Amino acid sequence: MALTVEGLKKSYGNLKVLDGVTFSVEEGEFVCLIGESGCGKTTILKIIAGLERPDEGRVDFKGVNRMGFVFQDDRLLPWKTVYGNIQFALKAMGVEDGDVVRRIIDFVGLKGFENYYPKQLSGGMRQRVGIARALAVNPDLLLMDEPFASLDARTRERMQEELLRIVGGKAVVFVTHSIDEAVYLADKVVVLSQRPSRVVRFIEIDIEKPRDRNSDEFIEKRREIYTALQASSG
Amino acid sequence: MRLKGAILLIFLWYLVSAITELPHPHEVAETFFILLFNSEPVLGKTLVQHAAASLLRVLTASLLAFSIAIPLGIVSALNRTLAEVVTPMVEALRPIPPLAWIPLAYVIFAPLPNTVQVSQIFIVFVGAFFPCFVSVFDYSRNVPEELLEMARVFKAPERLILRDVVLPHSLQGVLSGIRIGLGVGWMSIIAAEMIATSGEGLGYFILVMYEVGGRTAEIVAGMAMIGVIGYLMNTLLLKAERLVMPWR
Numbered sequence: 001m002a003l004t005v006e007g008l009k010k011s012y013g014n015l016k017v018l019d020g021v022t023f024s025v026e027e028g029e030f031v032c033l034i035g036e037s038g039c040g041k042t043t044i045l046k047i048i049a050g051l052e053r054p055d056e057g058r059v060d061f062k063g064v065n066r067m068g069f070v071f072q073d074d075r076l077l078p079w080k081t082v083y084g085n086i087q088f089a090l091k092a093m094g095v096e097d098g099d100v101v102r103r104i105i106d107f108v109g110l111k112g113f114e115n116y117y118p119k120q121l122s123g124g125m126r127q128r129v130g131i132a133r134a135l136a137v138n139p140d141l142l143l144m145d146e147p148f149a150s151l152d153a154r155t156r157e158r159m160q161e162e163l164l165r166i167v168g169g170k171a172v173v174f175v176t177h178s179i180d181e182a183v184y185l186a187d188k189v190v191v192l193s194q195r196p197s198r199v200v201r202f203i204e205i206d207i208e209k210p211r212d213r214n215s216d217e218f219i220e221k222r223r224e225i226y227t228a229l230q231a232s233s234g
Numbered sequence: 001m002r003l004k005g006a007i008l009l010i011f012l013w014y015l016v017s018a019i020t021e022l023p024h025p026h027e028v029a030e031t032f033f034i035l036l037f038n039s040e041p042v043l044g045k046t047l048v049q050h051a052a053a054s055l056l057r058v059l060t061a062s063l064l065a066f067s068i069a070i071p072l073g074i075v076s077a078l079n080r081t082l083a084e085v086v087t088p089m090v091e092a093l094r095p096i097p098p099l100a101w102i103p104l105a106y107v108i109f110a111p112l113p114n115t116v117q118v119s120q121i122f123i124v125f126v127g128a129f130f131p132c133f134v135s136v137f138d139y140s141r142n143v144p145e146e147l148l149e150m151a152r153v154f155k156a157p158e159r160l161i162l163r164d165v166v167l168p169h170s171l172q173g174v175l176s177g178i179r180i181g182l183g184v185g186w187m188s189i190i191a192a193e194m195i196a197t198s199g200e201g202l203g204y205f206i207l208v209m210y211e212v213g214g215r216t217a218e219i220v221a222g223m224a225m226i227g228v229i230g231y232l233m234n235t236l237l238l239k240a241e242r243l244v245m246p247w248r
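As they're listed, the protein sequences go chains A and B.
Just so you know, the first sequence maps onto residues 1 to 234 in the numbering used here.
Just so you know, the second sequence maps onto residues 1 to 248 in the numbering used here.
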């Protein structure tokens, strides 16, 4: 078990966002949190990352020394090149290893773009840099907050395919509101209700990767999640 | 488009010259190019020498202003206590135009042997300081929250956040502060030179040309020089910004 989230509750003033969220992530498991916009998915990630404190509940890690975070907006430093942005994550943990940076750049397919500034890159490329930055710290757990939400459909699918290759066997918590994305990526889908958020259902997806988006079992899982989401929004 | 604008301006200029004392464009152009490198007899200096004198005063005073405004702007933005002391002072003094300080400056600095120079430096200092401080302060204080959050997620230590996030963001404020500050300083020096006997300088040149009998061609030639230098400074600094901040 890499991560256990237990009974998270959180309110902002009178706005109740989380109402007892519980789930766990196994070592090497890819978990998707799915729910409607504004249901508090991002809040869950921020609590796991230690950016916010829950009012109640707890987060337990096991064998997690470092976390990587990929944001919905790329959050790259505009004044740093691709190389500099990835290196920033390493400097943050007190390491300055150029080899690691170069290896990661190769690995995520950014070779040749080392000296580009973020504004010179497409949205897909910027997200790649964001993913590379998160991977640079060699995280045991990767937190991803709708990283592909702003990409066009084709780029998005390509990024999903590559992501599976890139994250390898790391534990991942991936927030999305796209059912298709969840079925394509996840080992386990955590379906959240509308705000205030609770876990409605866990859905295991045991289809072998890479998955065929048009296969019967894929479509069946998609329907299952859709139904769960529908039921939760009542 | 630019050419059309220039032609229209010259046309209007001729029109106004026909009915007022304004010298014709070709007269001004002639005077301008002659005086550029030939001494004008009353003061015995060329336009270039006058411009250089003014420019030197502006640069000295602005450098002085920037070397205080930039660090003070950054530090005040990062330190709430300091900001609470500094911003009310700045807000109280900033609305007073630098030109309003001129008479007071000449009185206050009268005991000094070089009253005129010191006063002029002071006035340009006032002109350059405030826009620069405000620009630096605003940028340094408004580092995007998303970037700071990103830095915290990666557990970046404060020193790294300052060096790689806050200061690079402030740089834009520093550079625009320098550009705007120099612009205001340049306008202030011309006015300051018109008040007292400065010996040289574009403002002084224009004033003397007026006093010796309304030599309008020389006056407008001096004004043109002011415009040319102001334009060049601005263009040069914009180019420098692109060079210093290639990411923009």
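One or more hints might be untrue.
[As the list claims (entries may be wrong)] In silico SDA-like cross-links for lysine to any residue, where the CA-CA straight-line distance does not exceed 20 Å:
1) Lys119/A to Arg159/B
2) Lys91/A to Leu167/B
3) Lys119/A to Arg242/B
4) Lys119/A to Val143/B
5) Lys155/B to Lys119/A
6) Lys119/A to Gln172/B
7) Lys155/B to Leu51/A
8) Lys91/A to Arg242/B
9) Lys80/A to Arg163/B
10) Lys155/B to Asp97/A
11) Lys45/B to Asn138/A
12) Lys91/A to Gln172/B
13) Lys155/B to Leu171/B
14) Lys119/A to Leu171/B
15) Lys91/A to Val166/B
16) Lys91/A to Leu162/B
17) Lys80/A to Pro144/B
18) Lys155/B to Met93/A
19) Lys80/A to Leu99/B
20) Lys46/A to Met245/B
21) Lys80/A to Met245/B
22) Lys80/A to Arg159/B
23) Lys80/A to Glu146/B
24) Lys155/B to Asn138/A
25) Lys155/B to Tyr83/A
26) Lys155/B to Val100/A
[Said to hold, decoys possible] Just so you have them, the derived chain A footprint on chain B, three or more residues with Cβ under 8 Å:
27) 84-90
28) 139-152
29) 163-172
30) 237-247
[To be verified] Far from chain A by the CB rule (all over 12 Å, computed), these chain B residues:
31) Leu3
32) Gly5
33) Ile7
34) Leu36
35) Gln49
36) Leu55
37) Phe109
Hints were generated in silico from the structure; no laboratory data involved.
Every value quoted in this text rests on a predicted model; they were computed, and no experiment measured them.
Glycine included, every Cβ here is placed at the ideal spot set by N, Cα and C.
Here's how the hints hold up against the structure:
no.: 1; hint: Lys119/A to Arg159/B; verdict: violated, 26 Å
no.: 2; hint: Lys91/A to Leu167/B; verdict: holds, 16 Å
no.: 3; hint: Lys119/A to Arg242/B; verdict: holds, 14 Å
no.: 4; hint: Lys119/A to Val143/B; verdict: holds, 18 Å
no.: 5; hint: Lys155/B to Lys119/A; verdict: violated, 25 Å
no.: 6; hint: Lys119/A to Gln172/B; verdict: holds, 16 Å
no.: 7; hint: Lys155/B to Leu51/A; verdict: holds, 10 Å
no.: 8; hint: Lys91/A to Arg242/B; verdict: violated, 27 Å
no.: 9; hint: Lys80/A to Arg163/B; verdict: holds, 12 Å
no.: 10; hint: Lys155/B to Asp97/A; verdict: holds, 17 Å
no.: 11; hint: Lys45/B to Asn138/A; verdict: violated, 69 Å
no.: 12; hint: Lys91/A to Gln172/B; verdict: violated, 24 Å
no.: 13; hint: Lys155/B to Leu171/B; verdict: violated, 24 Å
no.: 14; hint: Lys119/A to Leu171/B; verdict: holds, 18 Å
no.: 15; hint: Lys91/A to Val166/B; verdict: holds, 16 Å
no.: 16; hint: Lys91/A to Leu162/B; verdict: holds, 13 Å
no.: 17; hint: Lys80/A to Pro144/B; verdict: holds, 15 Å
no.: 18; hint: Lys155/B to Met93/A; verdict: holds, 7 Å
no.: 19; hint: Lys80/A to Leu99/B; verdict: violated, 42 Å
no.: 20; hint: Lys46/A to Met245/B; verdict: violated, 32 Å
no.: 21; hint: Lys80/A to Met245/B; verdict: holds, 10 Å
no.: 22; hint: Lys80/A to Arg159/B; verdict: holds, 17 Å
no.: 23; hint: Lys80/A to Glu146/B; verdict: holds, 16 Å
no.: 24; hint: Lys155/B to Asn138/A; verdict: holds, 14 Å
no.: 25; hint: Lys155/B to Tyr83/A; verdict: holds, 19 Å
no.: 26; hint: Lys155/B to Val100/A; verdict: holds, 18 Å
no.: 27; hint: 84-90; verdict: violated (count 0)
no.: 28; hint: 139-152; verdict: holds (count 6)
no.: 29; hint: 163-172; verdict: holds (count 5)
no.: 30; hint: 237-247; verdict: holds (count 3)
no.: 31; hint: Leu3; verdict: holds, 32 Å
no.: 32; hint: Gly5; verdict: holds, 32 Å
no.: 33; hint: Ile7; verdict: holds, 38 Å
no.: 34; hint: Leu36; verdict: holds, 41 Å
no.: 35; hint: Gln49; verdict: holds, 41 Å
no.: 36; hint: Leu55; verdict: holds, 31 Å
no.: 37; hint: Phe109; verdict: holds, 42 Å
Comparing the model with each earlier hint shows violations of hints 1, 5, 8, 11, 12, 13, 19, 20 and 27; every other hint is respected.
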